[in-house]
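Model the placement of chains Z and Y on the given structure of chain A, informed by the hints.
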Amino acid sequence: MATGMIALVIGLALLSPGCGKGGDERIRITIWHQDRIDVRVILQRQIERFMALHPEVKVEQLFKETEELRSGFIIAALAGQGPEIVYGPSDQIGPFETMNIILPLEGLFEKQWLERYDPRALTWYRGHLYQVADKLGNHLTLVYNKKLVPVPPTTDQELIDIGKTLTADLNGDGRIDRYGLAWNYTEPFFFIPFMTGFGGWIMDDSGQPTLDSRGTVDGLEFIKQIRDVHKIIPNEADYNIADILFKDGNAGMIINGDWSWAGYLKAGIDIGVAPLPKITKTGLWCGTMVSPKGFSINVNVAENKKRWVLELIRFLMSEENQLEATKELFTMPTLSSVQQSDFVRENEILRNSQIAIDHGRPMPVVPELRAIWDSMRPSYQAVLAGTQTAEQAAREMQALALRRIVEMNE
Amino acid sequence: MGRKNNTKALRVTLSYAVLIVFSLVALFPVLQIFTISLRPADRLLSTSLEIIPKNASFNNYVALFTERPFLLWLVNSTFVALVVTFTGVVLASTCGYAFSRYNFFAKKLGLLSLLVTQMFPATMLLLPMYIMLVNLHLINTYLGIVIMYSATALPFCIWQMKGYYDTIPTSLEEAATIDGCNQFEAFFKIILPLAAPALVITALFSFMAAWTEYVVAAQILQDTEMWTLPIGLKSFESNMGSEWGLYGAASVIVTIPVVILFLSLSRWLVSGLTLGSVKG
Amino acid sequence: MNSKTLRHRLYVFLLVVPAFIVLFGVVVYPFFYNVVISLSNMNLRHIRDWKIVGFDQYVKVFTEPSQPDFYMVFVKTIIWTVVNLFFHVLVGVFLALVLNQKEIKGKALFRAILVLPWAVPQLIVALTWRGMFNYEYGSINLILTQWFGLPGVQWLKQPFEAFVAVIITNVWLGFPFMMVIALGALQSIPHELYEAADIDGASWFHKLKNITIPLIRPVMVPAITLGTIWTFNNLNIVWLVSNAGEPSDQTHLLVSFVYKAAFNFYRYGYGAALSIVIFFILLAFSLTFMRRSKATENVYT
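Protein sequences, first through last, are from chains A, Z and Y.
What the first sequence shows, in my numbering, is residues -8 to 401, in sequence order.
What the second sequence shows, in my numbering, is residues 587 to 866, in sequence order.
What the third sequence shows, in my numbering, is residues -2 to 298, in sequence order.
This is chain A alone, in the form it adopts within the complex (with noise of 0.2 Å):
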């Protein structure tokens, strides 16, 4: 009798996913990406749009959180599966080019309509084109409280000034309630606009970890002057620590992506975007890590879709859909002609975002940039945490950056 019972139990499992997908004579492409929500809703409207025209396709779209997006597609893509279309930031590309699992793309599309779009959507790595992007930025930016900060600093010493001003213990129980600039600073990658502020950068041309400089030095100091000296920043402030002081009014100032413009809004702060102050000592302005956001295609994507896959990526690279997203997401586009229609020169915060990427520098998009993240943050908060000074602190995330490459290479 149990063994009747576990038969009937497999049988119900084993009817289950067997009904239902027979029958659907229609190519199926999937599409994987990383996308939050404002985004997906997007998407989906522009894939219904396709499907609209193209009665033959059917297009789905699957979120997996950023990690497992890349690792996801790894293994899937190892063992032959996959997605036909992963959509997401530049720097997937390197682990997946040396793992071979996305195609080049230049044989694939026509050179004047690679030419339309903004070079730095485009992303070359080692000879080929690996990904076309639709969206460009991924950056940092200044997000203010126009209520409590009605001009914006410009550079480094007027910020330090109206943090100070704002700063305040506003109902006398001896705490701070209220700060300049909060956001999420023990993190390397939004420290990296105060590295190129003073001077420094991750890496050189080839590819070699180059933390031990004096921008990093001088970066880190500021850091923690700012947060010491002129006590402008929380002694603790993490991702959602940060967000929930600027959203509760309680910031003046936070350092935060193009990402979570729209979740400010919908709190109901009149925020306004700026790029990143310029440093005085340097004269250089801060400038963040820039990576396009878009398509690449698996390796192992069937020849009877291919046609049907580059026909889909260029719909949603058309004029129209970016512009869409754009009004509605406040992303900055890729089409040239887009980036110089009447909406973008017009509207403030993407006139203030552009200024912003035009500071900023390319994210890398080799796969050893990985190994860099990890080498600095020990440091990095070593340093805040006082157990080691700015230099000590830029020798080591060097060391530990290159014995990890060579880890990860051998």
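FYI, nobody ran anything at the bench for these hints, they're computed from the structure.
Errors might be hidden in some of the hints.
[To be verified] Computed from the model, here is a short list of chain A residues facing chain Z with C-beta under 8 Å:
#1 27
#2 54
#3 57
#4 63
#5 66
#6 68
#7 72
#8 231
#9 232
#10 257
[To be verified] Anything over 10 Å on all C-beta distances counts as not near chain Z; from chain A, calculated:
#11 53
#12 301
#13 334
In this text, a Cβ means the ideal position worked out from N, Cα and C, and glycines have one as well.
Same frame as chain A, now just chains Z and Y:
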């Protein structure tokens, strides 16, 4: 006599005190999740300690059902969890019985191997698991998931059941067979009811394994229509900018079936065994 | 007699084999895959064309200078496991004993509340705890300073405090499981044993030591053994509460290395070797523990 009553009263009062303190400790973080679900604009944290936040609303709960396929995820998860629970209870109760009552070749090895299946860090199992499931055409099927979940939950459940069966004297089955039952009837009618508490644990554990598991489900289920609750919840999360309001509301709802299951099963968490049953 | 033994054997076969087929099917292939990979050089540069290179990866696991230090993390993992299990079992059994008394009313309500930490989705609860440990805004420090007048603790910024914080979170998450097991285990003890002890005038301590504890052992031992193994390998909580190892990569378990190696650095060969090492550590523990607690034998015979 009076002193005995006093110590008893003291014991009972202290017991209530302990239970209340631990209940508060258990409840506090969970209440915060409830608060998150009520707060507007996706705030994970707050600078105030209030349980009912400013501008609290049930919008997130409504949005779960109207703007997301939460109901679909709920149905999918319930199906998978019930199948896994059923398989788990059936297989663990029978397998555990064998380990408890019979001595057979490689018994100790068998028990040890149950443990062994749990020792390997899950991270490195993903790639070979995926390859294996691809070759068996089990990707994107519920059968694949049910098999994986049963495989993870069974070792503990089998071992559990065996341990519980061990506390039931074999003299009971002997008495039953003398009375005319065959081995199977003895198992089903006498032993199994006595092992009810262990069955409760097996059922609950199997259910939880399937209800809350994320990593394997995310790797196997490629179709949004097949998503289970954990994958659905993950979709509210982004690297930066998660929809905490929805996540909180979903977490509250997801917890409720587990608590209900536990409460309904716990009426079987009673002692059924008395030494007297052998004599009669 | 012979047909009876045959039917006997058949029952055993039918009962045990299906479960084991599934178990081994699911576990054995991945395990051997990892054994092979651990002897290879599979990584970013050799993802499809990897070849067997012998024990290189194992040598690396034990001798490669790592940040944080391998042996320190190993020790930390052991401390993590022991402390967690100790409190899980202590609190779980204690609450089960309290809850099991017949004079307690409202058992259902208490059970429902006390099972919540196990029932609630882990991700959001771990992040909520992380928020509670924040120095300025977290509830824990707020309670410490406002109700008890103690200074706030820098939970997440100092290595020791961070370690304590993740342990606290995991203890909170884990005690309901042990409590439920213990509740089940307590049901297996016949009332007459207690009544006989009462007649003999035994104290509660005596009853606990000589009746309760020995008799819940068969049921608790599987939970404790497996609990130890699961806790040893439990990456989730440590990762989420410490935000992937903060401060300064100090808050890690051995499995964090596996995760980082495989997911961040694509060093699959190294990850596999380390996993196998962890496996053998746990195997050694289980064998010793099982032998000492005689877990495979019957208690009543």
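Numbered hints the structure breaks, given as an ascending list: 6, 11
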